[in-house]
Structure formats: structure tokens, C-alpha cells
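Enquirer: Chain by chain, the residues run as shown.
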Amino acid sequence: MKRTIELYGRLRDAGQGSVLRAELPARATARQALDALRPALGQDLTGCVLAAADRVLAPSDRVPATGRLAVLPPVCGG
Amino acid sequence: MRRLTRITKAPLNLARLCRAVASPSHGATASFVGVVRAVHAGRRVKAVSYDCFFPLAEKELARIAAEAGRRWPAVVAVEHRIGRLAVGQASVAIAAGSAHRAEAFEACRFVLEEIKHRLPVWKKEHYVAGDGRWLPGCSLKRLRP
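As you go down the protein sequences, you meet chains S and V in turn.
Quick note on numbering: the first sequence equals residues 486 to 563 in my numbering.
Quick note on numbering: the second sequence equals residues 3 to 147 in my numbering.
The set of hints was computed from the structure by calculation and includes no laboratory data.
Possibly wrong hints are sitting among the right ones.
[Unchecked claim] Restricting the straight-line Cα-Cα distance to at most 30 Å, the calculated cross-link-like pairs of lysine-lysine (DSBU-like) are:
1. K487(S) / K61(V)
2. K48(V) / K126(V)
3. K143(V) / K11(V)
4. K61(V) / K143(V)
5. K126(V) / K61(V)
6. K487(S) / K143(V)
[What the hints assert, rightly or not] Sample of chain V residues with no beta-carbon within 12 Å of chain S, all distances over it, derived:
7. L16
8. R18
9. C20
10. A22
11. H28
12. G44
13. P57
14. K61
15. W74
16. A88
17. F107
[What the hints assert, rightly or not] Here are some chain V residues pointing at chain S (derived, C-beta under 8 Å):
18. G36
19. V89
20. Q91
21. V94
22. Y129
23. P138
Here a beta-carbon is modelled for each residue, glycine too, at the ideal position from N, C-alpha and C.
Chain S extracted, bound-state conformation (with noise of 0.2 Å):
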């Protein structure tokens, strides 16, 4: 399935920008999303996870089918 994948603090200057159109294998996990967008992000991808809008991704769920999608890099705030 084609997603739209936000991207957020070093990601972004991974040379996509702040979005990235991927394709996610059919009814991926989390793990097996961002194993899908290691190559694209040409970024390793240590330290940072999968989020739905409002949860952070273990990497054993399901990546929801809808709703928006993004990788966050460890976080700096304050």
C-alpha cells in the first residue's frame, strides 16, 4: 500500500523533505515499515519508531490502514 509518511527533526534533511511517499507491504508491522523505509531515508534509523497521530507504534502492531503515519527520530524538547 502506498502511504505518506511524515518525517520530523533529522529525517528531514535526509533529502525528501518532510514527506516521503513509500510503499508499505500489505498489512505491515511496524518493524517491517520502517525496515521498508531505511532504504529511501538512507538514514540510520536507530532510536527512532513509527507513530499514528496520537500513539507511538510497538514494533509488533499493525500499521493502521488510515490516518497519518510518522517516523520520529529521539526527541530533544525544552
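Take the given structure of chain S and dock chain V to it, following the hints.
Expert: Below, chain V alone, put in the same frame as chain S:
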């Protein structure tokens, strides 16, 4: 009901936050304001850009404030600013009101530390020398269910 947490592009208003946590039963209000500083790790900084995954950040900030209210008998109001901020501008403001100073100080400190570890916000320093870099941070893996 007053809204006590907010992610905003607007300048922060600590006085408004202090009023929001005021109560006749409170003998203490502790506050914290984080501002962009001119030097970091030996490099001269001219600005910091704050990036944010808005829906999750709003929810997480509300969760942090609510957790503080469960840990201490305190009411917390907190705002985090996003966008490009110049040196001296405030990026985060926290007010904690309580009957006594100890829990107000502790709640205020707790909220700041949790923001640094849990809030989906990122900052990029812009240097006087012309370049910039995203700062390292804490993985959100600990937030996963």
C-alpha cells in the same frame, strides 16, 4: 474548563500560566522558563528551530501535566513553543501551583524532565558561522505500550 497545556507558535506568557494555576488554597507557585541561549558546546548560536509532531505532542504534554497532578497535590500549566526562536526567546514555560513550595518545585521539575524525554519535539541549532545541526535526543521507544 481552563486549558492548561498547549503547543503554540505564539510567544509564551508565563503570567497567564501562573494565573491558570492560582487558587486560594495554594501558598506556592513555582515556575520555569527555558530560553534559547547564545552558546552551546562552544559554538555561537543565533537561533533554534523547534519542530513538532503536533497531535501526539499535544496529547503527551497533557499526559505529562496530568501525571504531575497525580504525583503531587499540584496543578500544572505548561506551554511549549515551536518555530524558529532567536537567542533569549522562551521555548518552554511551566507553572505549578500547590499548597506548599516543595511539591510545586518538584512538579515543575518533573514536567520539564518528562518534556525532554517524552515530547515529540526536535530542535535544530543555527550557528553564527552559518551552518546548523539537529541535536541528539531520547528515543521514544520507552513510550511504546
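Enquirer: Each hint: holds or not?
Expert: Each hint, compared with the structure:
This hinted pair checks out: K487(S) and K61(V) have alpha carbons roughly 27 Å apart, not beyond 30 Å. Annotation: proposed proximity of K48(V) to K126(V) holds, straight-line Cα distance about 11 Å (limit 30 Å). Straight-line distance between C-alpha atoms of K143(V) and K11(V) comes to about 27 Å, which keeps the hinted pair within the 30 Å bound. The straight-line distance between the Cα atoms of K61(V) and K143(V) is roughly 17 Å, inside the 30 Å bound, and the hint therefore holds.
For the suggested pair K126(V) and K61(V), the alpha carbons sit about 23 Å apart, so the restraint of at most 30 Å is met. Between K487(S) and K143(V), the direct Cα distance comes to roughly 25 Å. Compliance with the 30 Å bound is thereby established for this hinted pair. A cut-off of 12 Å between C-beta atoms confirms that L16(V) is not in contact with chain S; the least separation is 15 Å. Consistency note on R18(V): stated as away from chain S, and its beta-carbon is indeed over 12 Å from all of that chain's, at 20 Å minimum.
Listed as outside the interface, C20(V) is consistent with that label: its C-beta sits roughly 19 Å from the nearest C-beta of chain S, beyond the 12 Å cut-off. Even its closest Cβ contact with chain S, about 20 Å, leaves A22(V) beyond 12 Å, as expected for a residue assigned away from the interface. Every Cβ of chain S is farther than 12 Å from the Cβ of H28(V); the closest lies at roughly 25 Å, confirming the non-interface assignment. Here G44(V) stays apart from chain S, with its beta-carbon at least about 18 Å from theirs, past the 12 Å limit.
The Cβ of P57(V) sits about 4 Å from the closest Cβ of chain S, inside the 12 Å cut-off, so the non-interface label is violated. A cut-off of 12 Å between C-beta atoms contradicts the statement that K61(V) is not in contact with chain S; the least separation is 5 Å. With a least CB separation of 20 Å from chain S, W74(V) remains clear of the 12 Å interface cut-off, as annotated. No beta-carbon of chain S is positioned within 12 Å of the beta-carbon of A88(V); the least distance is around 17 Å.
Listed as a non-interface residue, F107(V) keeps its Cβ farther than 12 Å from every Cβ of chain S; the least gap is roughly 17 Å. Residue-level restraint check for G36(V) holds (minimum Cβ-Cβ distance to chain S is 5 Å; threshold 8 Å). Interface hint status for V89(V): violated, as the beta-carbon distance to the closest one in chain S is roughly 16 Å, over 8 Å. With a least beta-carbon distance of about 14 Å to chain S, the hint placing Q91(V) at the interface is violated under the 8 Å criterion.
Hint status for V94(V): holds, given a least beta-carbon distance of 5 Å to chain S, under 8 Å. Checking Y129(V) against chain S by beta carbon gives a least distance of about 15 Å; that is not within 8 Å, so the hint is violated. Hint status for P138(V): holds, given a least beta-carbon distance of 6 Å to chain S, under 8 Å.
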